[in-house]
Structures are given as C-alpha cells and as structure tokens.
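Heads up: the protein sequence lines correspond to chains A and B, in order. End of the first sequence sits at 300 in our numbering; the numbers just go up one at a time, nothing left out. End of the second sequence sits at 253 in our numbering; the numbers just go up one at a time, nothing left out.
Honestly, I wouldn't trust all of these hints.
Lysine to aspartate or glutamate pairs mimicking EDC-like chemistry, simulated, CA-CA at most 20 angstroms apart [what the hints assert, rightly or not]:
| id | chain 1 | residue 1 | chain 2 | residue 2 |
| --- | --- | --- | --- | --- |
| 1 | B | K222 | A | D45 |
| 2 | B | K240 | A | E294 |
| 3 | B | K228 | A | E276 |
| 4 | B | K236 | A | D45 |
| 5 | B | K50 | B | D112 |
| 6 | A | K260 | B | E252 |
| 7 | B | K201 | B | E85 |
| 8 | A | K14 | A | D45 |
| 9 | A | K42 | A | E153 |
Covered stretches of chain B (in silico footprint by chain A; criterion: 3 or more residues with CB under 8 angstroms from a CB of chain A, positions within the stretch not fixed) [what the hints assert, rightly or not]:
| id | region |
| --- | --- |
| 10 | 93-102 |
| 11 | 212-220 |
Calculated from the structure, these hints are not laboratory results. For each residue, glycine too, the CB sits at the ideal point set by N, CA and C.
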Amino acid sequence: MKILLYGETVEWFKQARQIAEILNGELYGVVPSGELSGEAVKILDRTYIFNRILYEPNTYHKIIQEVSEKIKPDLTLFPSTIKGRTLAGLYAGYRNEPVITDVVDIRYDGGELEVRRLVYGGACIASIRSKLPTTLCILLGAFKQLEKQVNGEVEYLKTIKEQPIQTEFKSSEHVGMPLERAEIVVAAGRGFRKKEDLEMVKQLSSLLNGAWSVTRPLAADYRWADTWIGISGAMINSRIYLAIGISGQPLHMIAVRNSKTIIAINNDPNAPIFNEVDYGIIGDLYIILPRLLERLRKKQ
Amino acid sequence: MKILTPIKLTVDISQLKYESSGEPLMDIAPRKMGDSDKCAVEEAVRLKEKYNAHTVAVTIGSTSDHERIIRDAYAMGIDEGYIVEVNESENLNAITVGEIVKSMVEMTGPYDVVILGAGSLDTHSYTLGPIIAAKMNIPIIAGVDSLNYNEQYFEARCVMEEGTYLYRLKPPLVVTVTTEVNQPRIPTLKTILKSKKMEIKRLKIEDLKVKPEKIDLVNLTKYVIQRKNIIWDASKDLEKATESLFKLLVSEV
Numbered sequence: 001m002k003i004l005l006y007g008e009t010v011e012w013f014k015q016a017r018q019i020a021e022i023l024n025g026e027l028y029g030v031v032p033s034g035e036l037s038g039e040a041v042k043i044l045d046r047t048y049i050f051n052r053i054l055y056e057p058n059t060y061h062k063i064i065q066e067v068s069e070k071i072k073p074d075l076t077l078f079p080s081t082i083k084g085r086t087l088a089g090l091y092a093g094y095r096n097e098p099v100i101t102d103v104v105d106i107r108y109d110g111g112e113l114e115v116r117r118l119v120y121g122g123a124c125i126a127s128i129r130s131k132l133p134t135t136l137c138i139l140l141g142a143f144k145q146l147e148k149q150v151n152g153e154v155e156y157l158k159t160i161k162e163q164p165i166q167t168e169f170k171s172s173e174h175v176g177m178p179l180e181r182a183e184i185v186v187a188a189g190r191g192f193r194k195k196e197d198l199e200m201v202k203q204l205s206s207l208l209n210g211a212w213s214v215t216r217p218l219a220a221d222y223r224w225a226d227t228w229i230g231i232s233g234a235m236i237n238s239r240i241y242l243a244i245g246i247s248g249q250p251l252h253m254i255a256v257r258n259s260k261t262i263i264a265i266n267n268d269p270n271a272p273i274f275n276e277v278d279y280g281i282i283g284d285l286y287i288i289l290p291r292l293l294e295r296l297r298k299k300q
Numbered sequence: 001m002k003i004l005t006p007i008k009l010t011v012d013i014s015q016l017k018y019e020s021s022g023e024p025l026m027d028i029a030p031r032k033m034g035d036s037d038k039c040a041v042e043e044a045v046r047l048k049e050k051y052n053a054h055t056v057a058v059t060i061g062s063t064s065d066h067e068r069i070i071r072d073a074y075a076m077g078i079d080e081g082y083i084v085e086v087n088e089s090e091n092l093n094a095i096t097v098g099e100i101v102k103s104m105v106e107m108t109g110p111y112d113v114v115i116l117g118a119g120s121l122d123t124h125s126y127t128l129g130p131i132i133a134a135k136m137n138i139p140i141i142a143g144v145d146s147l148n149y150n151e152q153y154f155e156a157r158c159v160m161e162e163g164t165y166l167y168r169l170k171p172p173l174v175v176t177v178t179t180e181v182n183q184p185r186i187p188t189l190k191t192i193l194k195s196k197k198m199e200i201k202r203l204k205i206e207d208l209k210v211k212p213e214k215i216d217l218v219n220l221t222k223y224v225i226q227r228k229n230i231i232w233d234a235s236k237d238l239e240k241a242t243e244s245l246f247k248l249l250v251s252e253v
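So that you can see chain A by itself, here it is in the shape it has in the complex (with noise of 0.2 angstroms):
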C-alpha cells in the first residue's frame, strides 16, 4: 500500500511510520524544506521537499497534489489540526475521494480500510468502513512514535516564487516549550480571574520542567496568550496534564485525552473534567497553586 503524508513535525512522522507498518505500506511525504526535512529522510521512504513559503491552504494543497498524482496513494494522511483538516478537505474534495477525520485507530484486512474517529466532541467513538483510495486526519498521539531509521530518498519539488494570494504572518508571543514536545503540561482555565495570575501557571510549567497553555476562551476571548489548548487549537498527549480552574467543556478534552495522566484542580466539585481524572484536587486554585508552588520551590 502506497501512503503519502502531509505535515511539519517528526512527532508526526514517526507516527505515520507506525502507522505505515500497520498497514505494511511505504511512506512517501510533502515536507517543507528547512531543518524538519533532514529529519523527514530519515522516518520517510521517500521525501518530496518543497521551498518553505507561508502557510496558505489553496497553495499548499496544490503542491501535496501534484506529489499526489506522481504517487498516486492508496493513502493519504494529514494530522488532525487546523492546517491539516483544511488542507485534507481541499485534497479529498478535488479528488473526489473521502475523508476522514479524528481518526484514532486503523484497521485493514486488504478489502476495506475501518476506521475509528471520535464525534460529537470526543464523547463518542464511531467505527467507519472506507473504500480506498481515501484520506484521514490523524489525532495526533493516538498512535505511538515509531522509531525506526531508514534511508529515505529525496526530491526536490519547483520553486514557489511568489504567493498567489496576499498573505502575512504574524509569529505568536513565544511559550516557551512546543506543546506537542512537553511531557508535562500544565493549563490554565476560566477560573482564572486575570492575566496577570497566569505568571503561577508559568511558573509551574518551569518547576516541573513542561509547558504551558490556556482554553479557548482565555486566547480568543480574553486575549491573554496567542495559542489554546483544544480542538480547534493545540492537540496535546503529554505524560502529564494538569488543567487548572479548567471546567472540562468536550472541545477541549478532545484536544488532551490521550494524555497518559490527567489531573485537574477546580473549584466546583460537579465540573465535568472530575468525571475525567486520573486525580482531582477539590478547591479553589488561588489557595492551592501558591502552596504548590512554594513546596516544589523548597524542593529545588
């Protein structure tokens, strides 16, 4: 089986290449060029690098279709973010093929492919049977990292110029740890009362050597951080996560259910998020975060 990935972290690739060997199929990539290339020749059986240009869906999917049509896979694959839904939509739909997304578990038994995808928030889990050929949306951390070497070729793709459609970017304020890398990581919710006590959830994530984040609410409503923790954000599966004053709403679950320890600290003994926890700690977080902190403190 011929699998193709779209994508821009190793993460990522090692997790198609399990994935891959699942299926028992060679893993081909569009990766931009840059540092993550040199690392995608060693995951990938063959790596088609193009020039690194902004981020614009209707370029970028036209360049993961034309590797396409040289392939011509049985399977394509993009992880389940933002970026990679919209790319995958645009690629299914001009290959009038289907798509799938959310999915956390793939079986194949040469006819059909079935898949699992988790819906309506992550509260339910659906098994889908699919005609190949046909393109999924991986949740990240659903399958685990394979780490196996190999001696990928390469091709160099044609140089994108100039970009079609006006675009600019604006980098986001700096969180210090990629999300997706931390094995711990510690997030802030609605029971935060402002801005400035976020420095705690910082200092934590430091402590205990993670990173860190918010919900939705707290980045496009309040504007306190550039980035968020949920489905339509960052997707996490950390060793640890610690939700603070985080309420359990299923758009951010989803986004950290793979995480292998969940642990939340909230207020409201009846929000959702207890039904959820490895450990839950009942109380009010403006008491307990200063007392946490000063003990791991002590300890350093």
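Given chain A's structure and the hints, the job is docking chain B onto it.
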C-alpha cells in the same frame, strides 16, 4: 453581492443521553443550528446591511427541525432560504454535501461568497468548507476569526497555533468562520414573527443531479477511557490535598 450560507442541523452534544450499553440515543437527541453556523449567518447578514447584499441560506435534510433552522436564519435577517430534501441526511458523506452545495450554486447563483461555520457542532471535521471550495474550484479562507470587506477584496485574520495569518482575497471565495468572528444577534419578536410567514423553497436531491453517498457507519458508542479518578477535597483537608498533589508531581517528574 450575493452570499450563500449553508447551515447544518446538528446534534446538541451537551444534551446527549446514552443506553446502558454506551450507545448514544440519537433518536431523542435535541438538534439545533451549530454555533459557528450561527456566526456565519450573522456575518452574511452584516455584509447585507453594509453592502446591500442578497443573502441565501440552505440546509440539507427533510425534518421539521430543518425548517426550524431556516426560520431561525430568517429571523436573523437572511432573505431567501432553501431546503434540499434528502432522507437520513445525517449520514451523507462530506463529498456528497459538497456536491449538493455546488449544484445548488449552479442552480441559484452565481454567488460572490459562500460563508459557513468552520466546524459543525457534532463532527468538528472542518472539512466541508474546503470540500465546497474544491468542488466549486474557487479559493478558501478557513477558520476565520475576523473578516473585513472593502468592496474589492476580503481581508481575513486566522489565528493558528504558530501565529496569526492575514489573507487578502477577491471574490468569488469560500469563507469558514469560527465562533470568534462575531457575536450573533438575538432575533426580536418582530423578526421571529416575520420569519414564520416567509416562504421556504424546496429542492429535491434528484433536481440537483447528485447521487447521495452515505457514510458506512459500523458502530457508534460512548468513548470511555479508564481513569483512576482519585479525588482530594481541599475544602475538607487542604494540607492533605496539597501534599498529595506535590508528592504525585514529584514522583512523576
């Protein structure tokens, strides 16, 4: 300017109930217009008010709930509404939905812009807008957090993980909006009463020459991940709760 807003009737996931087997009770689940679709309707109506655009909404299905969401869109200010009648519309695959919208555009268009919610409330796939753009062979701006129009081009701001993108595009185009793009208006009693008298046009899927393809759903069940679920109540014993959390973090880090 002519604007099309496809709206989807979706399961209200916050009110989903389950059988003891874990199977969701879909037959009795309440349904409504999704939040980002409502924002798409609002955005279309704002363009109408500012640039005298003609606004059209369409939904796919054949239940009274579908009629209700078209009336909801009328109450917010949409001028013309269509229902494309298909049975069991919830199981249509996204490619078929894209073909229906394309065919509907050919029949009732041309449109300068198609505005829809970025992700539906039930599946949150974010793929329908891009599929519609592909089928119509026009560009898309997806996941828009703020939208402006200056009578020549649209300017859209999209906040993503790595930063904020600003795109400038001339019509025709597809725009998918997030719930950040605006605060949808609450219809007044007057507009609600008016919406009840407005005509809803009906099209049959055969009229649109689309062969409906369904999702081959094998099974649907509640998603459960086993968790330890150990709870410490700090209001009863603050010391114990803080100490337990400290020890847990220290042992795990």
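Each hint, compared with the structure:
This hinted pair does not check out: B:K222 and A:D45 have alpha carbons roughly 37 angstroms apart, beyond 20 angstroms. Under the criterion of a C-alpha separation no larger than 20 angstroms, the hint pairing B:K240 with A:E294 is consistent with the structure, at around 15 angstroms. Taken as a hint, the B:K228 and A:E276 pair is honoured in the structure, with Cα atoms around 9 angstroms apart against an allowance of 20 angstroms. This hinted pair does not check out: B:K236 and A:D45 have alpha carbons roughly 58 angstroms apart, beyond 20 angstroms.
For the hint pairing B:K50 with B:D112, the CA-to-CA distance comes to about 15 angstroms; that is within 20 angstroms, so the pair holds. About 11 angstroms separates the Cα atoms of A:K260 and B:E252, which keeps this hinted pair within 20 angstroms; it holds. Note on B:K201 and B:E85: the hinted pairing holds, with a Cα-Cα distance of about 10 angstroms set against a maximum of 20 angstroms. Using a Cα cut-off of 20 angstroms, the hinted pair A:K14 and A:D45 holds, with the two alpha carbons roughly 12 angstroms apart.
Only pairs whose Cα atoms come within 20 angstroms are accepted, and A:K42 paired with A:E153 is accepted, the gap being roughly 9 angstroms. Coverage of the region 93-102 of chain B by chain A holds in this model, with 4 residues showing a Cβ closer than 8 angstroms to a Cβ of that chain against a need of three. Counting residues of the region 212-220 of chain B whose CB falls under 8 angstroms from any CB of chain A gives 6; the rule of at least 3 is met.
Of the hints listed earlier, those the structure fails to meet are numbers 1 and 4, in rising order.
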